[in-house]
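Asks: Sequences listed follow chains A and B, in order. Note that numbering that gives the first Met the number 0 has the first sequence beginning at 0, numbered continuously upward. Note that numbering that gives the first Met the number 0 has the second sequence beginning at 0, numbered continuously upward.
These aren't lab readings, by the way, just hints derived from the structure by calculation. Some clues are possibly wrong.
What the hints assert, rightly or not - Below, a list of computed lysine-lysine pairs in the DSS-like style, where the Cα atoms sit at most 27 Å apart:
1) B:K121 <-> A:K282
2) B:K12 <-> A:K20
3) A:K94 <-> A:K292
4) B:K12 <-> A:K292
5) B:K12 <-> A:K196
6) A:K282 <-> A:K367
7) B:K42 <-> A:K19
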Amino acid sequence: MPAEFVKGLKCRECNRLYEKKPVHVCEFCFGPLEVDYDYEKIAKNISREKIQSRDRTMWRYEEFLPLDQKPAVGRGTGYTPLVRAERLGKELGLKELWIKNDAVNYPTLSFKDRVVSVALSKAKEFGFKTVACATTGNLGNSVAAQAVRAGLECYIFMPANLEQGKIIGTSIYGVHVVGISGNYDGVNRLCSEIAGKFGWAFANINMRPFYAEGSKTFGHEICEQLGWKAPRHVIVPMAGGSLICKIHKAVNEFHKTGLIPDANVKIYGAQATGCSPITTAVKNGWELFKPVKPDTIARSIAIGNPADGFYAIKTIRQSGGWAEDVTDPELVEGIKLLARTEGIFTETAGGVTVAVTKKLIEQGRIQKDESVVIAVTGNGLKTIEAVTNAVPRPDIIEAKLGDFEKLVDVIRDRSKNAVAAAAGN
Amino acid sequence: MPINVRIPEALRKLTSGADLVSVEAATVGEMLKAIDAKHPGLKERICDEQGNVRRFVNIFVNEEDIRFLQNLDTPLDAKSDVSILPAIAGGAGKPAKAAKSEVVSGDVVRRVYLTFDEDTTKRPMIYEIVKRFDIIPNIRSASATEKLAIMGIEFTGPSESLDNAFAWLRKQGVRVDPIEMNVVEP
Chain A
0 MPAEFVKGLK CRECNRLYEK KPVHVCEFCF GPLEVDYDYE KIAKNISREK IQSRDRTMWR
60 YEEFLPLDQK PAVGRGTGYT PLVRAERLGK ELGLKELWIK NDAVNYPTLS FKDRVVSVAL
120 SKAKEFGFKT VACATTGNLG NSVAAQAVRA GLECYIFMPA NLEQGKIIGT SIYGVHVVGI
180 SGNYDGVNRL CSEIAGKFGW AFANINMRPF YAEGSKTFGH EICEQLGWKA PRHVIVPMAG
240 GSLICKIHKA VNEFHKTGLI PDANVKIYGA QATGCSPITT AVKNGWELFK PVKPDTIARS
300 IAIGNPADGF YAIKTIRQSG GWAEDVTDPE LVEGIKLLAR TEGIFTETAG GVTVAVTKKL
360 IEQGRIQKDE SVVIAVTGNG LKTIEAVTNA VPRPDIIEAK LGDFEKLVDV IRDRSKNAVA
420 AAAGN
Chain B
0 MPINVRIPEA LRKLTSGADL VSVEAATVGE MLKAIDAKHP GLKERICDEQ GNVRRFVNIF
60 VNEEDIRFLQ NLDTPLDAKS DVSILPAIAG GAGKPAKAAK SEVVSGDVVR RVYLTFDEDT
120 TKRPMIYEIV KRFDIIPNIR SASATEKLAI MGIEFTGPSE SLDNAFAWLR KQGVRVDPIE
180 MNVVEP
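Work out the full structure, taking the sequences as your base and the hints as a guide.
Replies: Here's what the structure looks like:
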């Protein structure tokens with residue numbers, strides 16, 4: 000049973016140990032708690048063959064996940080495609096480029112399905128009847144969708160002025176959606192107070208140590224899909240800073256338990272310039288980041304005071320990686336670049352990651368002949384407004400064959416000119 | 000002779016809610032052993048592995064900080080008034096008589112991270128809010144660099160006083176966030 004591999008919870012700051020309970024903060028130093036595993040025991044009980052024999056979902060790595068039983072929800076989540084990006088690789092000058100594509104994750108098309116699956120399954124194990132979260136997008140979609148399948152009552156808290164489109168993706172599941180008016184900080188404060196008072200399972204608050212573990216599977220899968228080895232370079236978008244740390248943890252875990260030969264991976268963080276507290280700290284050599292007020296269309300990674308920012312900075316430095324940020328126009332170009340070379344339509348966070356990868360290559364920071372993985376964490380349909388004005392309108396013709404034949408010539412000329420222009424650059 | 004020891008709000012979980020514990024002891028060191036024997040776990044919260052009183056804890060005997068007396072060897076007698084208090088930053092060792100040192104029912108506890116920038120780190124903010132709003136800070140963690148400082152603090156006091164204190168801090172340019180930092184995720 001997976002339960003035997005979890006020793007309990009441990010404070011990331013002072014290393015104090017806690018029982019496996021829905022608590023997320025150290026009583027002594029207020030540091031964040033993390034699940035503590037018995038890796039020696041896991042090493043004795045795990046093998047590549049064992050993992051390979053299981054279903055192609057994130058749960059094939061169940062020894063590294065903190066549930067006591069089989070998951071109550073999200074059994075079909077994960078094991079998303081790792082796509083070899085030959086055309087994009089060629090454009091960027093990379094020999095071996097891969098896209099880890101959570102834009103098609105199940106059930107709600109973002110990597111959040113991984114963390115929510117663990118949080119809600121664990122909430123059920125703890126006996127919670129109600130789950131909740133505070134969100135501006137993808138997290139809410141996932142919690143709502145998975146809560147209904149789990150038979151849990153569900154409250155989703157959002158800022159009252161959130162765009163209708165984002166709300167629909169959550170309200171459609173029939174859960175209780177509560178809009179909180181006022182500024183963002185006020186929404187944040189109220190939600191922590193509600194979490195403290197109501198005894199519900201808040202996905203990313205009291206369930207946080209368990210919730211966060213789901214992200215590791217993004218990294219586990221990359222290693223397995225590359226043929227049981229660590230990627231040399233991974234570029235990851237950063238909102239709260241948790242995913243980037245967990246990907247590193249995942250690679251280290253696989254190495255520790257003998258599944259991959261080494262854990263040499265350079266981790267790069269990507270943010271939008273309009274909300275770049277972490278990348279700014281890394282580029283300036285700071286240990287702590289300065290909280291900022293977000294101002295970017297990349298709403299899915301717009302967190303001005305990232306809870307794991309400090310750890311993200313450490314992870315990037317320790318791995319020998321770097322961090323960069325890109326402007327809003329650059330991220331839109333990133334979305335378009337990925338779409339037109341590899342047929343993958345990612346949301347703004349993915350555009351940021353592609354654009355940052357391009358920037359890092361131009362800075363000479365990424366070796367062009369080593370394996371590179373770009374983390375795509377969500378689907379483009381979720382942030383369609385970001386590209387509404389960036390795609391060309393269709394050519395319109397009357398229903399006459401002659402008109403179309405003329406148009407084909409125009410289109411072919413257009414393409415020739417574009418290729419010539421690109422070659423001339 | 001029995002000594003009465005005042006227990007701070009933050010430790011009352013270990014004394015089943017009691018704000019006063021009575022023990023037999025001739026020195027502060029003996030007193031700590033005795034209250035720990037009665038309520039296991041108390042000593043560990045007050046002293047570190049070397050047996051020294053933790054930095055953010057003060058023990059007063061007759062309103063004198065034991066650090067200015069004989070520390071754990073400070074003698075106690077039947078008339079000794081002993082208090083264990085979380086540290087109040089900015090104080091110079093003597094607890095200000097007017098300052099809040101007892102928790103009243105109706106007090107709430109809030110845990111926050113305060114973030115200071117280059118300008119606000121220069122002012123003794125904790126001291127100022129204690130004096131202005133009469134609340135008890137218990138500093139749990141602190142990190143400081145040239146540009147920035149962050150403190151993890153547990154504040155105890157009437158709900159309205161805490162609200163006012165936080166509003167005042169924000170006005171001075173200090174960020175006040177719940178310890179989860181940010182719970183609204185994209």
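Asks: Now tell me if each hint is right for this structure.
Replies: Evaluation of the provided hints:
1. Note on B:K121 and A:K282: the hinted pairing holds, with a Cα-Cα distance of about 26 Å set against a maximum of 27 Å.
2. Our distance criterion of 27 Å between C-alpha atoms is met by B:K12 and A:K20, whose separation comes to about 18 Å.
3. For the hint linking A:K94 to A:K292, the alpha-carbon distance of about 38 Å lies beyond 27 Å, and the restraint is violated.
4. For the hint pairing B:K12 with A:K292, the CA-to-CA distance comes to about 39 Å; that exceeds 27 Å, so the pair is violated.
5. At roughly 18 Å between alpha-carbon atoms, B:K12 and A:K196 fall within 27 Å of each other, so this suggested pair holds.
6. Taking the CA atoms of A:K282 and A:K367, the gap is near 22 Å; set against the 27 Å cutoff, the hint holds.
7. Of the supplied pair hints, the one linking B:K42 and A:K19 holds, its CA atoms being roughly 25 Å apart against a limit of 27 Å.
This entry does not satisfy hints 3, 4, going by the numbered hints stated previously.
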